[in-house]
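Participant: The task is simple: from the sequences and hints, build the whole structure.
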Amino acid sequence: MKALRGRRRVTVVLAVAVLPALMAGAAVADEALRVERRGIEGDPVSVSASEAFAADELHLRSDRRLSAYGTLRGDFSGALAGDDGRYRSGSVRRASLTWENDQAPVPFRVKAGDLSVDTSARTFNRSIDGASVLFRPRTTGPSQSMRLFSGSGEGGGSRYSGGRWRIEDTIVGAVSLSAIRYDGPAAEVPALEGINQDVGSLSWQRDLTVAGQRLSMEMEYGRFSGDYDAAGGHGHADTARFLALSGEGGMLPYDWRLSYERYGEDYRPAGADIPADQRITALQGGWRLAGGLAARARVRYVREALESDNPVDVRLTGLSLTGSMGPGDFSTDAFVSHREDELGEIERVTRALSANYVWQLIRHATLRAGLAGGMTRNRIEHSVTRHRRASIALDWRLWGGAWRASLSSVFAVRYEDGVIDYRGVRPTLGLSYVPGP
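UniProt numbering applies: residue 1 is where the sequence shown begins, and numbers increase by one.
Some clues are possibly wrong.
What the hints assert, rightly or not - Label-pair distances were calculated between CB atoms; the ranges are:
{"hint": "1", "residue 1": "Ala405", "residue 2": "Gly249", "range": "41 to 47 Å"}
{"hint": "2", "residue 1": "Gly249", "residue 2": "Phe135", "range": "36 to 42 Å"}
{"hint": "3", "residue 1": "Ala297", "residue 2": "Asp118", "range": "25 to 31 Å"}
If you are wondering where the hints come from, they were derived from the structure by calculation, not from laboratory data.
C-beta atoms are modelled at their ideal positions from N, C-alpha and C, and glycine is treated no differently.
Facilitator: Here you go:
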């Protein structure tokens with residue numbers, strides 16, 4: 001709890017530093033009022049509940065030129081009022097300051113506060129509360145960049161430190177080397193200290209043209225060493241492998257992507273959402289049709305619990321279609337997923353369909369509508385769960401003189417019927433304002 005209070009204190013102090021920077025530069029403000037009512041009923045489980053909450057969110061951002069080559073940016077967001085566990089009245093949710101200089105001997109960008117750091121999908125992809133610095137040295141050869149960072153994770157009880165070095169060459173391609181250190185509690189036993197991890201990866205990406213077709217090749221090899229499970233002991237080590245090949249037709253309107261991923265049972269970096277102990281093979285392709293239509297099909301095969309005595313197979317097939325219809329644009333998506341294990345203890349089939357439509361009513365107003373539905377059939381338990389969702393939104397763009405603003409109103413409802421029934425209604429009103437000089 002002390003670490004959590006410390007993280008909040010740092011964020012609030014930084015927010016005090018951010019606000020003057022926002023007021024000194026050209027500020028942009030967004031405000032959204034969210035109201036939600038939810039109802040849950042259960043049978044045969046004895047569950048019955050209904051709740052409502054409201055929250056008023058505020059987001060400010062600003063850019064200020066310090067010189068011809070230097071810029072200071074400020075970013076602040078918080079909840080002015082709230083009565084739900086996701087919001088604390090008067091709370092600061094995010095604040096950051098960014099300073100960059102393009103004409104320093106080594107051009108750099110420094111950022112402090114709430115950061116979004118992405119070294120690679122297999123090593124680190126998280127938001128942290130800390131600081132980072134990005135260097136872009138000037139070279140006569142291949143372009144290079146290096147980013148170093150350190151900060152605490154959600155709740156303040158863990159610390160991530162690391163960096164990524166990237167070099168791009170027209171012949172070799174792009175090569176990246178990442179290294180991350182994690183110190184914090186075990187996920188299963190939050191009170192236990194002394195859990196440490198080291199994760200590193202080497203990745204490569206290269207674009208080329210073969211027989212008039214533009215191809216892109218990607219590879220990454222990751223290695224994990226450390227702890228993740230207090231009950232399972234310490235000193236685990238495992239690897240991750242990723243391969244992908246994608247292409248686009250030079251004269252024909254198509255594109256495709258084939259990928260393969262394999263993650264060991266003990267490859268569990270705390271800073272990445274990696275499905276440990278899995279093998280994933282996926283193929284997708286798209287074709288641009290006449291009249292602005294575009295179709296895309298996808299097939300995905302996943303084997304979970306790969307190294308266990310009872311692996312689980314998941315097969316997914318999907319199709320999407322986008323284009324213009326009448327006065328607006330539409331998008332639809334449908335998929336079927338089949339999940340079963342080798343011992344016959346799991347067998348579920350999920351089918352889902354969604355559709356969205358965007359219509360510009362007049363020059364200043366846009367209407368958005370969406371429908372979605374689906375069902376999951378459990379063939380072992382002989383049960384069926386169905387869900388339905390509908391939403392409608394209206395966006396208004398306003399301006400006068402040098403200022404610009406936009407007003408968005410959204411109304412959404414969701415129903416779910418199964419072992420537990422769910423009813424939810426959520427209206428949202430948002431305002432974005434950009435003042436003039």
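Participant: Could you run down the list of hints and mark each one as holding or not?
Facilitator: Against the structure, the hints:
For Ala405 paired with Gly249, a C-beta distance near 43 Å keeps the hint of 41 to 47 Å intact. The hint said 36 to 42 Å for the Cβ distance between Gly249 and Phe135, and at roughly 39 Å that hint holds. For Ala297 and Asp118, the Cβ-Cβ distance of about 28 Å falls inside the hinted range of 25 to 31 Å, so the restraint holds.
Consistency with the previously given hints is maintained throughout, with no hint failing.
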